[in-house]
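Trainee: Chain residues, written in single-letter form:
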Amino acid sequence: MTQNESSENPTIRIWEFFASVKLTVALLLILAVTSIIGTLIPQNESPAAYINAFGENLYRIFLFLNFFDMYRSWWFQLLIILLTINVVVCSWERFPKTWKVVSVKKPKFNVDRFKKEPAKVEFQTEKPIQSLRQDYQSFVCKKFSYCRLEETDKGFVVFGEKGRWTRLGAYIVHVSIIFMLVGSLMGSIYGFEGFVNIPEGETANQIRLRHTNEIYPLDFEIRCDSFSVTFYDTGSPKEYRSSLTILEDDKAVRQKDIIVNDPLKHRGITLYQSSYGSLPSDSLTLRIASAENPSGFNFIKKVKIGESIELPDDKGTFIVHDYTHSAQFGGRSIGAAFAGILNPKEGEPVQVIMPVRFPHFDRMRQGDFVFSVQDYDQIYYTGLQVAYDPGVPVVYIGFILIIVGCFITFFVSHQRICIEVLRSGNSSQVMIAGSSNRNKLGIKNKIEKISEKLQNSHQGDSSVTQMKSMTT
Amino acid sequence: MNSSVILSYTTFVYGMAAFLYIFAFIFKKDFPGKVATWVAAVGLAGNIAGFFLRWIESYQLGFGRIPLSNLYESLVFFAICIAIVYLVIEQKYKNRVMGAFTFPLAFLALAYASLSPNISDRILPLVPALKSNWLIVHVITCFIGYAAFTIAFGVSIMFILRQRPESEHGLLARLPRPKILDELTYRLVLFGFLFLTIGILSGAVWANSAWGRYWGWDPKETWSLITWFVYATLIHARMMRDWSGKRVAWLSIVGFGAMMFTYFGVNLLPGLHSYAATG
Ligand code: HEM
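Chains as they are written, first to last, in numbering that gives the first Met the number 0: chain A, 0 to 471; chain B, 0 to 278.
By construction, these hints were calculated from the structure, which means they are not laboratory data.
Honestly, I wouldn't trust all of these hints.
A partial selection of chain B residues facing chain A, derived with a Cβ cut-off under 10 Å [claimed, not checked]: (1) Tyr92; (2) Arg95; (3) Pro124; (4) Leu171; (5) Ala172; (6) Arg176; (7) Ser208; (8) Trp216; (9) Leu224; (10) Phe228; (11) Ile252; (12) Phe263.
Remember, predicted model here, so these are calculated numbers, not experimental data.
From the three backbone atoms N, C-alpha and C, an ideal C-beta is built for every residue, glycine too.
Assemble the whole structure, with the sequences as input and the hints as a guide.
Mentor: Structural data, given as structure tokens:
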């Protein structure tokens, strides 16, 4: 930028350093390259896992460089701060000049400059200059937010322009970055993130924080009235749903069913459906059928886990000893299941699996009896993610600004047009030229379209058409 | 006929179009080029038909949802976006030579979806975390951006080839002038950058509604940000007069590499979750 005249004064030197787009390019590239590190090294794992993976020496070096929590390390944060200073200084430096351009009330136009534009069309028309004046002026005034007619010695000129303000687009983008960074800073200073598991029917008034594992008290209570999970036929989960009630001073103040992607917000704190599990069920209704004649004899009994029951016909004893929420069979999940041990009168004890959803499962064992679960009391707990982030609205404003700003800077331009009409005998000589601060090809097409339109509008008049074919 | 079959035929049609574009370029013939445009348009129609048929099929299976939720479906949509962006540019710039360098990428996207044994075309229902309108916005905008970057990549390759002195004669002289290619790369990058920005941010809004955090430095997020940094570098680099178009073209190629890694490579990194993050 202003390198050749850079001053001896160190403050000015520092200012110039931060005002340069070269620094922007360098910082953006450094950020791109260093960000890779944290994707190659899994973040925030235990020291043991790292020592195992990298060895003691590499571990020490990586630890020193903060590679295991690198996006929050001092040097990565420093890069982001430098980029922020860069964007602030750079915009600050340039804004006055841009503002001067943008805030002009009576823009200057220079016909000779327009004549050098690549986006230029010239044609001749038979219409007298007086009739064109009105048409062209109203055309330009309709299409451009600013228009002006000036008389010249040999005719007139119409100027028009629009989108001067779009030169501010890049500043909107840069301001949006500041919004996002301030918002995320607010989140990390004032916000928290934690989780809590609440069994159905129970209430919680504190959570455990994610990073520090500390207990954090809430000033309200969350009751989980019920939790349900539904599945597709394929066995994959369809919906997790928790019915929650918020209590303040033992009074219910809010009730809402939450699902993933539809959280509950109370006093700025948001509760997200994040996981679930089931508490070990302590009893079930067991069904024991004869293997030879399943429809024949059926033995139904309510049992507790760990309780031993006598089998019919003096065939031995059976104990249900375990419950798992998601059992595996042949590498596939078969859902909730109870496990029991059959102690026959003769022979070795046998393990029996009773998946809740597959009552015929135990037939595969080909024993004398088929054990299955008729019914059981399932108690779930819901796993809630609890987050408070006062920076989110600020960050979201940044999101909107960056999208709007990028759209304006990329696709809306400051366009200027000049139509010069000169008297030449009975006919008129017309020059249409335009300029744009970006998208040169677009303005060229636009000028061509405009000139076609203006020429066609003359065609109502038959003499013009004739003259045109004569002149071309 | 089901959607997978239509899409397999479409792959073949895209292959034909790509072949014709290359043929027309190498043998300096106009007619095969014109045919290529029509074949490409037919392929695009088939691609779009396959997309919508798959959508209908998901309703017939009882869990209707827009087909944008796994690698196969995203590739199908990616191919649609590439073909549309290419055909629009072909019309605007009235130049078919670009087809030889960019249309094969649409073919490759669809061929990878249809032919790779690792990619399942089964229509599966959505897990709870993926049921979000933000996710739909996220996927659509990301892939529009990706398509623009993909075409920009092809154009940048053309720029680098065309920019060398020996390209004044022979085959490469048929490429558009470097100035036009440079301008086109930049415009495509601006277009892609806007959509990538919307894509990343709508992904952040989705993550916030699903998990209560809009940014978590998850490798996929980080790689999309890396891609974004590279293209932001390109946008600023072009403002510095001493940076030639060549360096901008290289940045566009590097950006494309980062984008491809965000799309495919992230799953290869250690200890991560896959395309369909469930949380
Ligand atoms: C990640 C952060 C950044 C993003 C996404 C960003 C984005 C943009 C965009 C979209 C433009 C408009 C480009 C155009 O005119 O086509 C722009 C222009 C510009 N940016 Fe940035 N920028 C960032 C950071 C910076 C920083 C740190 C600086 C500091 C020097 C900077 C300096 C400029 C300048 C000088 C312009 C030209 C302004 C003008 O033409 O009026 N940018 N930026």
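Trainee: Of the hints stated earlier, which fail here?
Mentor: 2, 4, 5, 6, 11, 12
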